[in-house]
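Chains X and W supply the protein sequences, listed in that same order. So the first sequence is numbered by this note's numbering: it starts at 165 and just counts up by one. So the second sequence is numbered by this note's numbering: it starts at 165 and just counts up by one.
Keep in mind that a hint or two might mislead.
The list cannot tell twin chains apart, which means a pair is met if one copy fits it or any two copies do.
When the alpha-carbon atoms are kept at most 25 Å apart in a straight line, the in silico BS3-like pairs for lysine-lysine are as follows [what the hints assert, rightly or not]:
hint: 1; residue 1: 225; residue 2: 271
hint: 2; residue 1: 243; residue 2: 306
hint: 3; residue 1: 503; residue 2: 521
hint: 4; residue 1: 384; residue 2: 409
hint: 5; residue 1: 542; residue 2: 384
hint: 6; residue 1: 304; residue 2: 538
hint: 7; residue 1: 430; residue 2: 409
hint: 8; residue 1: 296; residue 2: 271
hint: 9; residue 1: 384; residue 2: 225
hint: 10; residue 1: 306; residue 2: 373
To be clear, the hints were calculated from the coordinates, so they are not data collected in a lab.
2 protein chains.
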Amino acid sequence: MELIGDLPARPLDPAACFNQHGDPSDDGVSARSFRGPVAVVLPAGGCGERMGLSTPKQFCKLLDRPLISYTIHAFERIKWIEAVIVVVAEQHVELMKSIIQKYNHEKTQWCVGGLTRHRSIFNGLSVFVDDKFMECHLTKPKVVIIHDAVRPFVNEDILLKIATAANDHGCTEYDFEYGTECLHLVLSYCNTQAKLIEGPPTLWKVTYKQDLFAAESLIKETLSQNVCVITDVDQEALQLGHCLKKMLMTQHMDVEVISAEYGKKKLCIPHVSSQESYNIIIIGNTELQEKQEVIDVIANSSMTLLYPMVLILVYISLPESTPFSKKLDEPSAIRRLAKEAKHRNILVYGLLVNYTKDSEELNESLENMCFISKSLMKDRNSALTGQLLVV
Amino acid sequence: MELIGDLPARPLDPAACFNQHGDPSDDGVSARSFRGPVAVVLPAGGCGERMGLSTPKQFCKLLDRPLISYTIHAFERIKWIEAVIVVVAEQHVELMKSIIQKYNHEKTQWCVGGLTRHRSIFNGLSVFVDDKFMECHLTKPKVVIIHDAVRPFVNEDILLKIATAANDHGCTEYDFEYGTECLHLVLSYCNTQAKLIEGPPTLWKVTYKQDLFAAESLIKETLSQNVCVITDVDQEALQLGHCLKKMLMTQHMDVEVISAEYGKKKLCIPHVSSQESYNIIIIGNTELQEKQEVIDVIANSSMTLLYPMVLILVYISLPESTPFSKKLDEPSAIRRLAKEAKHRNILVYGLLVNYTKDSEELNESLENMCFISKSLMKDRNSALTGQLLVV
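This is chain X alone, in the form it adopts within the complex (with noise of 0.2 Å):
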């Protein structure tokens, strides 16, 4: 990644000084910000040729989202990031368009390329002097980030390091012996101030097809670190949620239990939403049609527009003698509704748990639920929706 253009100067607003896990960073970049607008330009033109397949790898979809998204995605969550250019070849203009809408990627323009990579960053920097960039009420930026869009893990950390560093530094000998190409280009042709900053392990670049396997398991690792459970007031229900939250928390999730009546589980879903939470774990016996108005609410926010939302549906089998267990929906029904959801972007599994009086059963039954559960929100595995597992 290669930063061009103007330095930080006077403190920056410090809502945008949070990091992607929503915690204050500490490390004393926070407190510095730059003096006017800040953008980026994608170069997205590639062909994939070594990846050995058909798609050109900045296309190639991780849990059903093309790569791109997810690196667009990165940038535009960042709030003082005010434009993001993608460079794409004439050929996958229309792919393009379709993807910026799609994921309603709204900060995002594309352009298309030249024949080299210098040539296509070029067009994307002509952008910014573009009449119908001004038309969009968009202020020609003071720093421009040049980054690879098959780097989808960036973060507001190594952003801000790096124009902290350019900053603070200068530019040195090491950058001219060490730097990429276009670090060259700057300083030779610009008179702009520039420097080469080492980025963390997790920005590398997609080349092979085992980057797109590494790739997507990270994307699902960060997906299944945190989760929301909603109990019904029952006893048993409550009893679940708190055992589950303390097996969960063994295993380094953060878990946050509410308890809900019946009919008013959909009003958890906003705070769900502001949690930047994909997984919910719904314990208790009630209808299928509270169920369905949680799926419904979940859709109608726009949390299932980047990722697929995971919602395990916990049912508790009592010994026969209480009436209790003949509230069990019906496996088809879970399965019809599940259908139904996946077109929605929700992966509905339901889980069947044997409470007993037994403690050494109830606690293996405890384990097995746990286990299965925290799979789930891992693999999000779409051909296992609607599946009712028993633990």
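Knowing the structure of chain X, use the given hints to seat chain W on it.
Just chain W now, with coordinates in the frame of chain X:
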């Protein structure tokens, strides 16, 4: 990877010219050979500080087996390689010994490394002049391949290519400029020819956490490329087997269908083993006893030593009027069977197909069966064994 030593000269036993998929090599390297024994030294003394994990990367587990064992096996399976020496740090000797024993690495010995990579390689090479080495009736090798322990995806083709190229080209100035450290040392201090060969992308080094994800996905992909389907002899089972084959083949899988009477299915396992297939689908409502017998035969073969076997039991649910459906095993019996099989590295899943005369409904069921089966074979998810999935 570097090759140190002698050069190929006369024709080799044709059996050694088959690549990993069992096809005859046709790239011209197959008709060459080595004048003496070939051995391998695997420096594996790293402490994995770049991974951000407590376990050094060569001991990290992929599908529950340490990475180093995959690299060892990649060499051991090549007939013309006689010995593998793994060089480990003092504190990992016991772990390494247990790995060699557990995975039955018969060609492999270990030695303790030194403070630097080169000292470790020296220690590895020293084993060949050790009395103990002679005691094992091993001949001092003519060729020694030095290979990073954390590059598990090495195949016979590249090794033969390296040897051939060394024979044809000798050394060049280019290698001096771009070679690795080891190559420099060999060229500077040894009276030996050496050459740098470009490896395939799959030969990449496992360095960061995302590389472990990628490696596991590649292994899973390779394991899910072929399957043996064993069907009952009744009409419905035969039809399902036929349809499944057709569908899985469109997913680029190699599928073999065998039909076998009750009690005879276990006799198919030696054939499955000879095909190096790690996936078996049994179609038919025959009793659990027969399935247990199949599991016993698999467990007593050496098939599950290196990779988990996937065994999918497909049950056929016929309209209620047919007494046949009464033969279905209890879900809890499948769970018990699967729990015991998991300890033997066999992942058992149940799949219940609703067999109807309505051709549209049946087709949807069959597509689902194909989708779920493919996914189970690809994911090898141990959390879901014993579940009876419904399609």
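Hint check:
1. When the C-alpha separation of residue 225 and residue 271 is checked against a cutoff of 25 Å, the pair qualifies only within one copy, where the shortest distance is 21 Å, while the shortest distance between copies is 42 Å.
2. Only within a single protomer do residue 243 and residue 306 lie at most 25 Å apart by alpha-carbon distance; the minimum there is 15 Å, versus 63 Å between protomers.
3. For the identical chains of this complex, residue 503 and residue 521 are inter-copy neighbours only, at 22 Å across copies versus 35 Å inside a copy, given an alpha-carbon limit of 25 Å.
4. Taking CA atoms no more than 25 Å apart as the test, residue 384 paired with residue 409 passes inside one copy only; the shortest distance there is 20 Å, against 31 Å between copies.
5. Proximity of residue 542 to residue 384 under the C-alpha cut-off of 25 Å is found in both arrangements, the shortest distances being 6 Å within a copy and 16 Å between copies.
6. In this assembly of identical chains, the alpha carbons of residue 304 and residue 538 never lie at most 25 Å apart, being 47 Å within a copy and 51 Å across copies at closest.
7. Taking the shortest Cα distances, residue 430 and residue 409 sit within 25 Å of each other inside one copy (20 Å), while across copies they are farther apart (44 Å).
8. In this assembly of identical chains, residue 296 and residue 271 lie within 25 Å of each other by CA distance solely inside one copy; the values are 14 Å within and 69 Å between copies.
9. Proximity of residue 384 and residue 225 under a CA criterion of 25 Å is satisfied in both settings, with 13 Å inside one chain copy and 19 Å between copies.
10. Proximity of residue 306 to residue 373 under the C-alpha cut-off of 25 Å is found in neither arrangement, the shortest distances being 37 Å within a copy and 36 Å between copies.
When the structure is compared with the earlier hints, violations turn up for hints 6, 10 and for no others.
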